[in-house]
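Participant: If you want the building blocks of each chain, they are given just below.
Number of protein chains: 2
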Amino acid sequence: MNWRLTETNQVDKQAIERLGSKFLIGNGYLGYRGTLDEYTRDQKVACIVSGLYDKVGDQWREPVNLPNGSYVQIVYQGVPLHAHFSPIESHSQTLDMQRGIHERSTRFIAPDGNRITVQSSRFASLDVIHLMAVEFIVEASADCTITIMSGIDGDVWDLNGPHLSNFATDARDSILSLTALTHEQHIPVAVSETLTREGSTAVQPEDRRILRALEVPLKAGQPFTLHKFIAHYAGIDSDNPLADSRSLCAQSAQTGFDALLENHAALWADRWDACDIEIGGDAAAETALRFSMYHLLAIAPTHTDRASIPARGLSGQVYKGGIFWDTEIFMLPFFSHLFPSIARNLLMYRYHTLDGARRKAQEYGYRGAFYAWESQDTGDDACTLFNITDVFTNRPMRTYFRDKQVHISADVVYAIWDYYTITQDESILLDGGAEVIYECARFLLSYLYYSREKERYEVLDVTGPDEYHERVNNDTYTNAMIAHAFEVCLKVHAYLQQNHPEQSQALINDLDFAHDLQAIEDTAAKLYVPQPDPESGIIPQFDGYHSLEEVALGDLLLRKLHPYEYLGGGSGLATTTQIIKQADVVLMMHLFPEKFSQSLKGCNWQFYEPRTEHGSSLSACAYALVAAQIGKIDWAYKYFMKTAQIDLLGEGKQYVGTLYIGGTHPAANGGAWMAAVMGLCGIRLADDRISIKPQLPDHWTDVTVRMTFRGQKMTIKLNKDDIVVETDESSLKETALAR
Amino acid sequence: MNWRLTETNQVDKQAIERLGSKFLIGNGYLGYRGTLDEYTRDQKVACIVSGLYDKVGDQWREPVNLPNGSYVQIVYQGVPLHAHFSPIESHSQTLDMQRGIHERSTRFIAPDGNRITVQSSRFASLDVIHLMAVEFIVEASADCTITIMSGIDGDVWDLNGPHLSNFATDARDSILSLTALTHEQHIPVAVSETLTREGSTAVQPEDRRILRALEVPLKAGQPFTLHKFIAHYAGIDSDNPLADSRSLCAQSAQTGFDALLENHAALWADRWDACDIEIGGDAAAETALRFSMYHLLAIAPTHTDRASIPARGLSGQVYKGGIFWDTEIFMLPFFSHLFPSIARNLLMYRYHTLDGARRKAQEYGYRGAFYAWESQDTGDDACTLFNITDVFTNRPMRTYFRDKQVHISADVVYAIWDYYTITQDESILLDGGAEVIYECARFLLSYLYYSREKERYEVLDVTGPDEYHERVNNDTYTNAMIAHAFEVCLKVHAYLQQNHPEQSQALINDLDFAHDLQAIEDTAAKLYVPQPDPESGIIPQFDGYHSLEEVALGDLLLRKLHPYEYLGGGSGLATTTQIIKQADVVLMMHLFPEKFSQSLKGCNWQFYEPRTEHGSSLSACAYALVAAQIGKIDWAYKYFMKTAQIDLLGEGKQYVGTLYIGGTHPAANGGAWMAAVMGLCGIRLADDRISIKPQLPDHWTDVTVRMTFRGQKMTIKLNKDDIVVETDESSLKETALAR
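From first to last, the protein sequence lines are chains A and B.
The C-terminal residue of the first sequence carries number 739 in the working numbering, and the numbering is unbroken.
The C-terminal residue of the second sequence carries number 1739 in the working numbering, and the numbering is unbroken.
Hints are supplied without guarantee of correctness; some may be wrong.
Unchecked claim - In silico DSBU-like cross-links for lysine-lysine, where the CA-CA straight-line distance does not exceed 35 Å:
id	chain 1	residue 1	chain 2	residue 2
1	A	404	B	1404
2	A	404	B	1560
3	A	454	B	1454
4	A	560	B	1653
5	A	560	B	1404
6	B	1491	A	454
7	A	404	B	1454
8	B	1526	A	454
9	B	1526	A	404
Bear in mind the hints are in silico, worked out from the structure with no lab data behind them.
Hey, can you work out the whole structure from these sequences and the hints?
Facilitator: See the structure below:
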């Protein structure tokens, strides 16, 4: 049973932050951190709503953390029982990944010695996305009366808030509500709460809270059960958040906890049915992989195509709730293969934010669509020019993420094409994808310069994935992605001309794209993409990379004078050396596996691996994927586990300086799926067929992988000797191709 | 009499460093700091030989400081008398600018109360450039016997030395010699010394010194006079330095001090006759201007066209003895107008170092000639990639001086053309100038990129004069200089084709330049040079300049956390603001005065002046020159005095961190001449004629300027009402043109 993750007696500050992320529940609309019922802002409770952002003054625009409707606090003889502050005999927290349920069980030692045990189960309904439901059970070892304070706590955790004001409370028909407005756009939000058991209650409205107190007499050993339903609405999805949330509360109470849970669990079962992977002989890997998929599914938007997955999922406000290339390059393949409708939502988000990308291109003097480095609801760039604080001077440091990571637009094109290749869903092209591709290609075209000397187009002054080297020329990853984007642009145009000539022509006319299309064709032929050195096979990451200082990573790190100092930026230690932040050339090799021979992949992996600091959670999976391709199974496994366990072990950095950067790492989760399925299991789409070339670690006795390929569901079973592909209709037995 | 500068009782450490520069004597071959006879390495004695460089290990390559043959130390009753350490009654140091003589007079208080007065006069012969001569006079207030230690001190001051080793001493025929070899190339150097008065001497050879002791009985009030001759040779100018230096000593002793001085003074008189400026009503300005011209003349190479003037002249090893654009843009006009043969030497130095510039272009993947940012004997770049140390981390800071200040090659072209325009000396073109121009144009051509979007060539990724903003695109100064270089290249080619068709064709063939010439013609027509904003008239310094933070200079400086922190570099305070290091757009307006209207000059001066930190000594003169053109006489005067007095007041920075950066500022000296003559007096060459549009400060009653124009010497006399131009043949009276 690798479905339940449990941690016991973890109530110190560090554990609270770590488990808040690790045990997050969510349904794509809202994400609720794995905190305890009685926790408040100090314990980083967060209920983040996808797509709802706010900005206060000059501070960073970031997601809004809704009032916490799941708040429950036991008071015993006037003393609140709080896992972090009160004496406890035992405590455990569990994530049921199979059904998307967070559970806690805590046995408090009351001042008089009475043992008060609190158990709760909580889920964010997959079925009714505005709803969270809690089952709260309390039991005492001796007869007593407790007070249960339950309601809505609006005094929430914020990084750059407070984002809510104009609080108002409401208490009618046993439903408590707290409403407020966001700061920037005055978007109304409402959270309502109701309980199945009224008891003798007294409602206590405060400034930012509304609670009710239930006096509950307990008999020793006899549990008291309470069901609590919390409804969340905001102006982005409701014309009347208060009414809608009240109505959902009433309706949920009528349906009841058990029925709601059943519906919720059934939907989770469907999901696992579509994607679960079983790994014989390696329970740790199986768990890590399920954990990775659980997190992807908990935050994936099923309800809208106007939101996407931020870099820290729905685990808080870190990185401004921004959608990065993480989604397209690292998360999307999981969805494209297994949940195409979610993948489509993620891509359509880029279509809906196309105007923001157009504005950004214009802002920098280009044409077409320059996607935001950190994208929010409008597609305008939330990334600031000063994203990091220098530890030595405490000054904001100019970074070239926002204005120079032009690969983002090529990444979006890559993703749309990858989705289309996997699903053959041409509607993505017709419904906006083609427009996005054309506009991205147009932007990239407008970014190029021609060298008369070298008779080629070059890509100057960019920052590639390796952010430790900013403003470089002819960054191999970027150039290759642009070449690909041009290729896709021309392919898509040819496809639409042939299959939807009228719509195609209308789009070309609408966008006034005919001239650019011709230019893209001409330019693509002369676009420079750095090539391997004829002798060594090494592809330089960018112009002049090889003339940078060669230094061992360990030696470079020894030069640090401050533990949190940033290695990039204006004067970072890595900037003048060959040490890179993350997979870059190697990532490109993963994205274009057929373009590079085994030997080129081998020597470049070997060259760049020791030069990579893995300062990004996006790095490990690329090294795993290419390692698997070149038969370095040990390394592939090591890097797979690194990416799959990132939030399971929670060893990542939680702070940079005083800035909290903790949260979940969905790109690493997506990378874990890729590393396992496309890497170690060697299952990849190639030339319109599934190719299976497993590179299983020795201790993996057998692996069962679920896969969907162009609508055809299949189960692929691998072991040392066989590859068995079972489809809905038939079961085929093939000999291994890779041996 | 504004010819003699005197400072009294200045013997503290700071004064020693300041006066060492201020009172420098030199003859273009050697520069000798204004230190006292008894001073040693600790007081920064230096005898720098033009064009002699050395490098030790990984340290910076820099000029060699020869053994100090001028060393004289009085010992009285076993105690050395030393102005810095011994009790003194009075002390003065004087620079006789008219004759290029350094004088000192010190009255020591001996332990027994006896007053020992030491007077010396020292000159570096303009006539015999390897020679320095000293007249040393000592007198006591009471009868006594003193010991005069005189000889050669090889234990010299070095920044990145020691540069000399393999010392050997020699003492024959009353001549002492010290020989040594440089470290890198084992170049032999020799310094010999002889005295007119032998006395009872005992020679004391030591490891790096050779001294003789003269026992001298003194009668109260009766001066004792000693003449000392020092000869300096190095392998770069002699096949046998020891023999040559011995022979020069013997010969000089025979000629005698007075005769040598007479010849020397006569040559200085000739120089002043050619260039002196008299300013009625402003003795301070007159002195400052003479001081500026004195320093230029003291370090200008008359003896060779294989050396040029370093940024710190011959005052020491600061800035690696590197020749920067300072020479071409700031010093050359003085020489081109008044001492064309010296100007020609300076320019021919660039021809002789053309191969170094070719190597640098090739190193960076370009063609043609990319001149060194810091050029030494070979033309290879002495500038390192890490030129500054970060005060917060003590780490070397990557700067983009060496690789991105491509304007240097355009500056060289500008200078050659300016010289040719002023002198009409076509030999400069035929003897190498054309080749330099072609190769520079070729380099600049190979640096350009074409924007298909904007249908123009652009100049990307450069550092302009304002080094606080590195790696910018379309730096207006740089683009304008490149446009000019192309224009000059085409003009020179046309001229040579017409006037020297065979030589012209041979050069084109030798350089395989026909194809590039055509490309330069095509490219020049499409080269982008940023234009004034149609409304404000402001020309942006580079792409995106206006989007940088606007902050008052004073406010920016308040943000400094460390007094010596560098405002540029990777994370410097100025880099993200509109604060610039030095005149940049305004400098361009000075260089192309006819290309900009009064109104454009006015609004750009007004815009950039408050944004300029003047972190470079090259800045003030440009603001003076353009201020004069737009009638801002007060500002022109203020900036003229700032540049003219820089080393007179010695208020410039002497240290950055622990690094000594003191020394003379010949570019500011050249700027002072330009600011006075071309600026305030408004004397400029335009359309093959001298144009005179004076903008005299109110208190300047009358000014007399010497000028040479195409071989014709003239004296221009200006006052409030008249402009009188006297030539050798005739005297013309013209009405003022500028009123």
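Participant: Compare the structure with each hint and give your call.
Facilitator: Evaluation of the provided hints:
A hinted pair counts as satisfied when its Cα atoms are at most 35 Å apart, and residue 404 of chain A with residue 1404 of chain B qualifies at roughly 19 Å. Between residue 404 of chain A and residue 1560 of chain B the alpha-carbon distance is near 28 Å, which keeps this suggested pair within the 35 Å criterion. Between the alpha carbons of residue 454 of chain A and residue 1454 of chain B the distance comes to roughly 19 Å, so the proposed pair stays at or under 35 Å and holds. Distance restraint check for residue 560 of chain A and residue 1653 of chain B: the Cα-Cα separation of roughly 31 Å lies within the 35 Å cut-off, and the hinted pair is therefore satisfied.
Under the criterion of a C-alpha separation no larger than 35 Å, the hint pairing residue 560 of chain A with residue 1404 of chain B is consistent with the structure, at around 28 Å. Under the criterion of a C-alpha separation no larger than 35 Å, the hint pairing residue 1491 of chain B with residue 454 of chain A is consistent with the structure, at around 27 Å. This hinted pair checks out: residue 404 of chain A and residue 1454 of chain B have alpha carbons roughly 20 Å apart, not beyond 35 Å. Distance hint between residue 1526 of chain B and residue 454 of chain A is fulfilled; the C-alpha atoms sit about 18 Å from each other, no more than 35 Å.
For the given pair, residue 1526 of chain B sits about 26 Å from residue 404 of chain A by alpha-carbon distance, which is consistent with the 35 Å threshold.
Taken one by one, the earlier hints all hold for this structure without exception.
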